[in-house]
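With the hints as your guide, set chain B onto chain A.
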Amino acid sequence: MESRLGLLRSDFAGQAIQSARQACRSIYSDAEDDLPRQYSKAGRVDGPYTLKRTPVFAVVEIGPTQYKVSADDLVYAEKLKGVTVNDKVTLNRVLMLGSRYETVIGRPIVPEAFVSAAVEEQILDGKVLVFHKRRRKNSKKMKGHRQELTGLRILEVHGIESEQATPAEEAIAA
Amino acid sequence: MRKERILELAKGFRGRRKNCIRVARPAVEKALVYAFRDRRQKKRDMRTLWIQRISAAAREHGVKYSNLMHGLQQDNIMINRKVLSELAMYEPYSFQALVDQVKFMRAGTAALSGSSDLGPALA
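Protein chains in written order, with our numbering: chain A, 8 to 181; chain B, 2 to 124.
Isolated chain A (complex conformation) (with noise of 0.2 Å):
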């Protein structure tokens, strides 16, 4: 049974720290609900592919890191909820894009533009050692730890192109 004062002590904390957040809330971060979604899924993987290499880069942001990716890039990035093996992935925040004739930099991000990417496996990190010794006491405490990871196969870039047409080339598409 919860006491009273305790939910009114929480409440006041939440209000306090939220009006902490408000006021030092820098320009980086306009509004969280201002960015799209980091990812949503597309459908799944249909069978087996093979992916090219293109000269294009992407800036993604994907939980609290950003990765620099192309395609057939495998990224280990934390684990992403909700997506199964073999889901396809759209990234919606592009920070940059680059291509070998031009770059496109995000204001913080490129509208319209994304990456898709396959979960190619959900798995375990490799374990670490957690452990504490305080000396002359008598006292250790030995823990382990496995991290979970989303392995996401970059399959293309959106947004930019990457080759740039020539003249002709236009002449001809109009």
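Quick caveat, the hints were computed from the structure, so don't treat them as lab data. We put the CB at the ideal spot given by N, CA and C, even for glycine. A couple of the hints might just be wrong.
[As the list claims (entries may be wrong)] Subject to a maximum C-alpha distance of 30 Å in a straight line, what follows is the list of computed DSSO-like cross-link-like pairs (lysine-lysine):
{"#": "1", "chain 1": "A", "residue 1": "Lys134", "chain 2": "B", "residue 2": "Lys104"}
{"#": "2", "chain 1": "B", "residue 1": "Lys104", "chain 2": "A", "residue 2": "Lys150"}
{"#": "3", "chain 1": "B", "residue 1": "Lys4", "chain 2": "A", "residue 2": "Lys144"}
{"#": "4", "chain 1": "A", "residue 1": "Lys148", "chain 2": "B", "residue 2": "Lys83"}
{"#": "5", "chain 1": "B", "residue 1": "Lys83", "chain 2": "A", "residue 2": "Lys86"}
{"#": "6", "chain 1": "A", "residue 1": "Lys95", "chain 2": "B", "residue 2": "Lys43"}
{"#": "7", "chain 1": "B", "residue 1": "Lys44", "chain 2": "B", "residue 2": "Lys31"}
{"#": "8", "chain 1": "A", "residue 1": "Lys148", "chain 2": "B", "residue 2": "Lys4"}
{"#": "9", "chain 1": "B", "residue 1": "Lys43", "chain 2": "A", "residue 2": "Lys147"}
{"#": "10", "chain 1": "B", "residue 1": "Lys31", "chain 2": "A", "residue 2": "Lys48"}
{"#": "11", "chain 1": "A", "residue 1": "Lys147", "chain 2": "B", "residue 2": "Lys31"}
{"#": "12", "chain 1": "B", "residue 1": "Lys4", "chain 2": "A", "residue 2": "Lys134"}
{"#": "13", "chain 1": "A", "residue 1": "Lys88", "chain 2": "B", "residue 2": "Lys44"}
{"#": "14", "chain 1": "A", "residue 1": "Lys140", "chain 2": "B", "residue 2": "Lys43"}
[Claimed, not checked] Here are a few chain A residues that sit away from chain B, every Cβ distance over 12 Å (derived from the structure):
{"#": "15", "residue": "Gly54"}
{"#": "16", "residue": "Leu81"}
{"#": "17", "residue": "Thr91"}
{"#": "18", "residue": "Ile130"}
Relative to the frame of chain A, chain B by itself:
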């Protein structure tokens, strides 16, 4: 067995520290404590490395690291230092594009103060 595990973890140690359990046990414990501490220090060290690389690459284009980061922040470009260092190493033209963007934005404000970034010493 606990002893076997400790000797397994003591592989590569010097002298009796890798073979004799009475010497290996405190050595392994110290090693594990250092590993815990250094997993945290690694993050700091990597960031230092990225900053050094970004600074070197920026100065090649005539901009100081501090001014570059300030310019990127003002432009609301949220690329972090890890990726910036990768761009500086592997995508030099894209890195130059970022530097040029910062220079372009600073040219507006520098016209008021009239000072160049690196000063007369470095060209």
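The hints, checked one at a time:
As the CA atoms of Lys134(A) and Lys104(B) are separated by approximately 46 Å, the hinted pair breaks the 30 Å bound. Under the criterion of a C-alpha separation no larger than 30 Å, the hint pairing Lys104(B) with Lys150(A) is inconsistent with the structure, at around 50 Å. With a CA separation close to 22 Å, the supplied pair Lys4(B) and Lys144(A) stays within the 30 Å bound. Restraint check for Lys148(A) and Lys83(B): the C-alpha separation of about 34 Å exceeds 30 Å, so the hint is violated.
At most 30 Å may separate the alpha-carbon atoms for a hinted pair to count; Lys83(B) and Lys86(A) meet this at roughly 20 Å. As the CA atoms of Lys95(A) and Lys43(B) are separated by approximately 33 Å, the hinted pair breaks the 30 Å bound. A threshold of 30 Å between alpha carbons decides the hint, and for Lys44(B) with Lys31(B) the separation of about 21 Å falls inside it, so the pair holds. For the suggested pair Lys148(A) and Lys4(B), the alpha carbons sit about 16 Å apart, so the restraint of at most 30 Å is met.
For the hint linking Lys43(B) to Lys147(A), the alpha-carbon distance of about 24 Å falls within 30 Å, and the restraint holds. Distance restraint check for Lys31(B) and Lys48(A): the Cα-Cα separation of roughly 46 Å exceeds the 30 Å cut-off, and the hinted pair is therefore not satisfied. A threshold of 30 Å between alpha carbons decides the hint, and for Lys147(A) with Lys31(B) the separation of about 11 Å falls inside it, so the pair holds. In summary, the hint linking Lys4(B) to Lys134(A) is supported, as the alpha carbons are separated by about 19 Å, within the 30 Å threshold.
Only pairs whose Cα atoms come within 30 Å are accepted, and Lys88(A) paired with Lys44(B) is accepted, the gap being roughly 25 Å. Distance restraint check for Lys140(A) and Lys43(B): the Cα-Cα separation of roughly 21 Å lies within the 30 Å cut-off, and the hinted pair is therefore satisfied. Every Cβ of chain B is farther than 12 Å from the Cβ of Gly54(A); the closest lies at roughly 32 Å, confirming the non-interface assignment. For Leu81(A), the non-interface assignment is confirmed: its Cβ lies about 16 Å from the closest Cβ of chain B, beyond the 12 Å cut-off.
Residue placement check: Thr91(A) keeps its beta carbon more than 12 Å from all beta carbons of chain B (closest about 28 Å). At roughly 20 Å, the least C-beta separation between Ile130(A) and chain B is larger than 12 Å, which holds for a residue marked as non-interface.
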